[in-house]
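J.: Numbering (my numbering), first residue to last: 1 to 101.
Don't read these hints as lab results, they were simulated from the structure. The structure presented is a predicted model; accordingly, all values stated were derived computationally and were not measured. Heads up, none of these hints are tricks.
Below 20 Å or equal to it, Euclidean Cα-Cα: the simulated SDA-like pairs (lysine to any residue) are:
1. K69 with D16
2. K97 with D53
3. K69 with D93
4. K97 with R73
5. K97 with L76
6. K100 with R77
7. K100 with A75
8. K69 with V35
9. K97 with I56
10. K69 with L99
11. K100 with L89
12. K69 with A79
13. K97 with D72
14. K69 with I17
15. K97 with A79
16. K100 with V23
17. K69 with V23
18. K100 with A20
19. K97 with N67
20. K100 with A59
21. K97 with P70
22. K100 with D72
23. K69 with E31
24. K97 with F58
25. K97 with A80
26. K100 with Q74
27. K69 with E13
28. K97 with L64
29. K100 with V66
30. K100 with N67
31. K97 with A75
The following label-pair restraints were derived from C-beta to C-beta distances:
32. R19 with R47: 26 to 32 Å
33. E13 with P86: 39 to 45 Å
34. P86 with D25: 34 to 40 Å
35. P70 with L92: 17 to 23 Å
36. R85 with R47: 35 to 41 Å
37. S28 with L99: 19 to 25 Å
38. L64 with D14: 19 to 25 Å
39. E101 with F46: 26 to 32 Å
40. P86 with D14: 43 to 49 Å
We treat Cβ as the ideally placed atom computed from N, Cα and C, and that holds for glycine.
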Amino acid sequence: MADVNIPLGAESEDLDISRALMVYDELSDAERREVFRNLYSAIAAFRQTSNVDHLITFADSVELMVNLKPEDRQALRIAASTPVRPEELIDLDEVRKILKE
Numbered sequence: 001m002a003d004v005n006i007p008l009g010a011e012s013e014d015l016d017i018s019r020a021l022m023v024y025d026e027l028s029d030a031e032r033r034e035v036f037r038n039l040y041s042a043i044a045a046f047r048q049t050s051n052v053d054h055l056i057t058f059a060d061s062v063e064l065m066v067n068l069k070p071e072d073r074q075a076l077r078i079a080a081s082t083p084v085r086p087e088e089l090i091d092l093d094e095v096r097k098i099l100k101e
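Hey, can you work out the whole structure from these sequences and the hints?
T.: Structure, rendered in structure tokens:
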């Protein structure tokens, strides 16, 4: 595996990384696989298009996941396994707005 060390800035960035690793440690194997699949999909899309928006969107998604409250993260896990009727679906951007509140 390539060893990439990105220099960190402020101490708060170290705390952010520690929090992210704690969230990662709580993920199931299936969730970790999905994160990696999405990461590589973003990389492949960037390589094909040179559009950094793919990488930015993935980074925003990971940041949102890391900053979720544990109870919200658990609610999402439960919701993901519950069938939803089409009329109950809402736009992903709307979900992001709700979660950031």
